[in-house]
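There are 2 protein chains.
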Amino acid sequence: MSKHENPWMDVEGEDIPATIKLDPVLFRYTHPNAHVLDVACATGKVTIELASHGFPVTSIDINHDALEMTAKAVLDNEIQIIPAFARATALALPFADGIFDVVIMQAFLTVVVSTEDRSKIVREACRVLKPDGHLYIADFGQTWHLDIYRERYLRDLPVTREEGSFLAYDEKTGEFAYTAHHFTEKELVFLLIENGFEVEFFKRDTFVTRTGNRVNGFVVVGKKRKKMKNQ
Amino acid sequence: MSKHENPWMDVEGEDIPATIKLDPVLFRYTHPNAHVLDVACATGKVTIELASHGFPVTSIDINHDALEMTAKAVLDNEIQIIPAFARATALALPFADGIFDVVIMQAFLTVVVSTEDRSKIVREACRVLKPDGHLYIADFGQTWHLDIYRERYLRDLPVTREEGSFLAYDEKTGEFAYTAHHFTEKELVFLLIENGFEVEFFKRDTFVTRTGNRVNGFVVVGKKRKKMKNQ
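Chains as they are written, first to last, in this note's numbering: chain A, 14 to 244; chain B, 14 to 244.
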């Protein structure tokens, strides 16, 4: 069993998944010098790509090894503009209001088990964005047409109590590793529009998982709404 | 109000929608001389395309004008192998068991209001297919990221009582014309696997509606299962 309540705090570096490629649509929303926040930066793939493009990037992760791997990747890649790092939770970002142009969440919400936490995280992203800022999300979609996922969703539903969620196990030890959630289009759209964003861009995509399966995915860009709903 | 319980029996020829293009994947499942049943052939677009490829096609529709337009299209296109026609409902196909190689339902299930009827229709398709036959479905997917559809789904839910359904109105008269349903991936997958099929092919696509909107769509090919579930 995990030392902490959040299993991601204890995952060892080599077990940190980092699978989805950055979609080029992101660059429509990143003007030169756009300040980007990479939430749950994992092994730093996105951080490095953005920093290599010259963007000032700030990266957070809750996992110590993840930050260490990102730091190592920065050194290995001889990047001119050094990203800033912080060990932090997306539930309470250690940043002032309205300072970022773009917030990125790449295959991150899939491992946030609670729907309340997902909402809180998106509201936090909204808070730290500038008034005309954008939230970029790339994440997994429910894949009912593949037997392997349909069976997992149904098998684990009594435990996860959320349709589209399933338990992932450590390949080496066979022990429970974490819970993953695959989203419906409706879930992602309402996650944005109920927490401060308009849907600016929406694309259905196909992603390859860490185990090599081709599953449904989404790339979504939300634009911070001028006023909150019901204000 | 419609003379009949089923509004599609009375739609005039020019108001019959026929929007989705035939996906080339169909030809993977149609060997030469494959006998194809085109369910709800509408203006005959698919019938003509298949007949032009030399396939013997049988077409049914519940609407008299639809069959007339298909017949006219056959004459206009000087097709060698003349398709067979019948005015019939997909709920009770006027054909013997196991005689077709492929059954096609192109933008048809979207206008079948009752989920029980959809199941019955797919079971009927299964019945008339040969043991190794395939069912090809192309239909609309729920499109939550577009305001226009999200608002329709939510606005009409108290009337339709099915998420993803909405009321379509006649553009000229403004009168209620028919109810349409946009599917989730899960719905389509279970419609197949609970009614005699395995999912052989599944693709997410983008379709253009008759009003010019770009919406989510699916192309699904089911393979008739050797034995029914629980047999």
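Certain hints may be false.
As the list makes no split between identical chains, a pair holds if one copy fits it or if it spans any two.
List time: in silico DSS-like cross-link candidates among lysine-lysine, alpha-carbon distance up to 25 Å [as the list claims (entries may be wrong)]:
{"id": "1", "residue 1": "K239", "residue 2": "K85"}
{"id": "2", "residue 1": "K216", "residue 2": "K199"}
{"id": "3", "residue 1": "K216", "residue 2": "K34"}
Bear in mind the hints are in silico, worked out from the structure with no lab data behind them.
These are the hints, each one checked on the structure:
1. In this assembly of identical chains, the alpha carbons of K239 and K85 never lie at most 25 Å apart, being 39 Å within a copy and 55 Å across copies at closest.
2. Within a single copy, K216 and K199 get their C-alpha atoms as close as 13 Å, and across copies as close as 19 Å, so both meet the 25 Å cut-off.
3. Both within a single protomer and between protomers do K216 and K34 lie at most 25 Å apart by alpha-carbon distance, with minima of 14 Å and 21 Å respectively.
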